[in-house]
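There are 2 protein chains.
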Amino acid sequence: MEKTLEVKGMTCGHCEKAVKGALEELNGVKSANVHLEQNTVDVSYDEANVSEKEMKEAIEEQGYDVV
Amino acid sequence: MEKTLEVKGMTCGHCEKAVKGALEELNGVKSANVHLEQNTVDVSYDEANVSEKEMKEAIEEQGYDVV
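These protein sequences, in sequence, are chains B and A.
Take the first sequence: its position 35, counting from 1, is numbered 35 in full-length UniProt numbering, and each next residue is one higher.
Take the second sequence: its position 33, counting from 1, is numbered 33 in full-length UniProt numbering, and each next residue is one higher.
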């Protein structure tokens, strides 16, 4: 499944790595690609193994807000 | 010796840590305190052990410009 999440507060390459890394560490997430200018993250995941709630929590743990 | 360096491109807490860490790793730097809003870093250092050039290079290696 593909989904675009809107994430607030990502400003630089470090933020990009933090969010991408936190998502891709989750079992069930295939890939996560951050678009800094758009404040979005495109995630590709298997909805049988990971929920949108878990992905949002992983992002929030890094200090960013998911809209 | 105390000096305030002007650094461009620091946007978030990760940037702050990267610059502070790179400076404090240098032999001769006692402390480095980043002020994100002012785009400055206050450094306290022993000029017998570290030069301003070395400090600027350490910051630039992290991907930031020193004005």
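Some hints could be false.
As the list claims (entries may be wrong) - Which chain A residues stay away from chain B? Per the calculated CB distances, all over 10 Å, these:
| id | residue |
| --- | --- |
| 1 | Thr4 |
| 2 | Thr11 |
| 3 | Val67 |
What the hints assert, rightly or not - The list that follows gives simulated cross-link-like pairs (lysine-lysine, PhoX-like), each with its CA atoms no further than 25 Å apart:
| id | chain 1 | residue 1 | chain 2 | residue 2 |
| --- | --- | --- | --- | --- |
| 4 | B | Lys8 | A | Lys8 |
| 5 | B | Lys17 | A | Lys30 |
| 6 | A | Lys17 | B | Lys20 |
| 7 | A | Lys8 | A | Lys20 |
| 8 | A | Lys20 | B | Lys17 |
| 9 | B | Lys3 | B | Lys17 |
| 10 | A | Lys20 | A | Lys30 |
| 11 | B | Lys20 | A | Lys20 |
| 12 | B | Lys17 | A | Lys17 |
| 13 | B | Lys8 | A | Lys17 |
| 14 | B | Lys20 | B | Lys3 |
No lab work stands behind these hints, which were simulated from the structure alone.
Glycine is no exception: its CB is placed at the ideal position from the N, C-alpha and C atoms.
Numbered hints the structure breaks, given as an ascending list
Those not satisfied are hints 2 and 5.
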